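Peer 1: Last residue of the sequence shown: 178 (this note's numbering), numbering continuous.
If you are wondering where the hints come from, they were derived from the structure by calculation, not from laboratory data. A quick note: this is a predicted structure, and the numbers were derived from the prediction, not measured. Hints should not be assumed to be uniformly reliable.
Unchecked claim - Dumping the calculated DSS-like pairs for lysine-lysine here, alpha-carbon to alpha-carbon at most 30 Å: (1) K155 to K174; (2) K113 to K79; (3) K155 to K127; (4) K155 to K109; (5) K113 to K85; (6) K109 to K79; (7) K127 to K85; (8) K127 to K166; (9) K127 to K109; (10) K79 to K166; (11) K166 to K155.
Unchecked claim - FRET-style restraints, in silico, Cβ to Cβ: (12) L108 to A156: 21 to 31 Å; (13) V140 to Y167: 23 to 33 Å; (14) Q173 to I78: 18 to 28 Å; (15) V122 to G65: 14 to 24 Å; (16) V160 to I101: 19 to 29 Å; (17) R118 to H154: 53 to 63 Å; (18) K79 to H154: 14 to 24 Å; (19) L68 to P157: 29 to 39 Å; (20) N133 to Q176: 29 to 39 Å; (21) F115 to K85: 29 to 39 Å.
Here a beta-carbon is modelled for each residue, glycine too, at the ideal position from N, C-alpha and C.
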Amino acid sequence: MSAEIGEESSEVEDFIVSSDDLSSADSTSAMDSDAVEVEPSGPFLHAQRLSENRIKFRLHEKDTGSPEFQVAGMTERISYLTSHLKENPKDFSTRRGLVALVNKRRRLLNYLFTEDVNRYTEIVSALGIRHKAPSNVESREDKYGRFPKQKSQRK
């Protein structure tokens with residue numbers, strides 16, 4: 024019984040390799056074979072661009088809620104989902120999420136336009152967003168006041 028344990032431990036020792044052996048084996052195998060370049064995946068690139076945009080547009084170190092920060096993150100997510108939908112045109116749940124995200128970004132940009140026009144123009148031009156600034160809603164008098172009344176008012 025003890026002889027069997029001794030044999031097993033010697034077999035286990037054969038598989039134990041020091042870190043020096045690994046680094047020398049890696050360098051020789053890399054020299055022997057052609058190095059294969061691995062391209063980063065789409066989600067990885069998306070995460071990198073997302074973090075870069077958020078860092079670029081934050082107002083201070085701990086900023087997570089400013090409209091610029093949120094719009095920058097949403098714009099990157101919108102571009103990623105758009106490319107996903109080009110590859111998967113039948114993915115309707117993603118399409119629904121994309122439409123909701125575009126509408127949320129539009130509402131944030133409308134808010135930013137009402138608060139500070141300079142910040143709005145800076146972020147729209149920096150991110151390349153096509154956004155129509157909100158206009159004043161006309162009252163019924165303003166909209167139809169130039170036309171004659173069709174019916175007389177009953178009292």
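Peer 1: Confirm or reject each hint.
Peer 2: Hints, one by one, checked against the model:
For a cut-off of 30 Å, the pair hint linking K155 to K174 is broken: about 36 Å separates their Cα positions. For the given pair, K113 sits about 34 Å from K79 by alpha-carbon distance, which is inconsistent with the 30 Å threshold. For the suggested pair K155 and K127, the alpha carbons sit about 14 Å apart, so the restraint of at most 30 Å is met. The straight-line distance between the Cα atoms of K155 and K109 is roughly 25 Å, inside the 30 Å bound, and the hint therefore holds.
Among the hinted pairs, K113 with K85 is inconsistent with the structure: their alpha-carbon atoms are about 39 Å apart, more than 30 Å. With a C-alpha separation of about 28 Å, the suggested pairing of K109 with K79 holds against the 30 Å cut-off. Using a Cα cut-off of 30 Å, the hinted pair K127 and K85 holds, with the two alpha carbons roughly 22 Å apart. With a CA separation close to 29 Å, the supplied pair K127 and K166 stays within the 30 Å bound.
With a C-alpha separation of about 21 Å, the suggested pair K127 and K109 falls inside the 30 Å cut-off, and the hint holds. A threshold of 30 Å between alpha carbons decides the hint, and for K79 with K166 the separation of about 43 Å lies outside it, so the pair is violated. Pair hint K166 plus K155 holds up; C-alpha atoms about 20 Å apart against a cutoff of 30 Å. Look at L108 against A156: about 27 Å separates their beta carbons, and that is inside 21 to 31 Å.
A C-beta distance of roughly 30 Å is found between V140 and Y167, which places it inside the suggested range of 23 to 33 Å. The hinted range of 18 to 28 Å is not satisfied by Q173 and I78, whose Cβ atoms lie roughly 59 Å apart. The beta-carbon spacing between V122 and G65, approximately 21 Å, falls within the hinted interval of 14 to 24 Å. Restraint check, V160 to I101: a C-beta distance of roughly 27 Å satisfies the suggested window 19 to 29 Å.
For the hinted restraint 53 to 63 Å between R118 and H154, the CB-CB distance of approximately 20 Å leaves it violated. Look at K79 against H154: about 19 Å separates their beta carbons, and that is inside 14 to 24 Å. Under the hint 29 to 39 Å, the C-beta atoms of L68 and P157, about 33 Å apart, fit the expected range. Between N133 and Q176 the beta carbons are some 36 Å apart, a value that agrees with the proposed interval 29 to 39 Å.
Range check, F115 to K85: Cβ separation about 38 Å, and the 29 to 39 Å hint holds.
Checked against the numbered hints above, the structure breaks hints 1, 2, 5, 10, 14, 17 and satisfies the rest.
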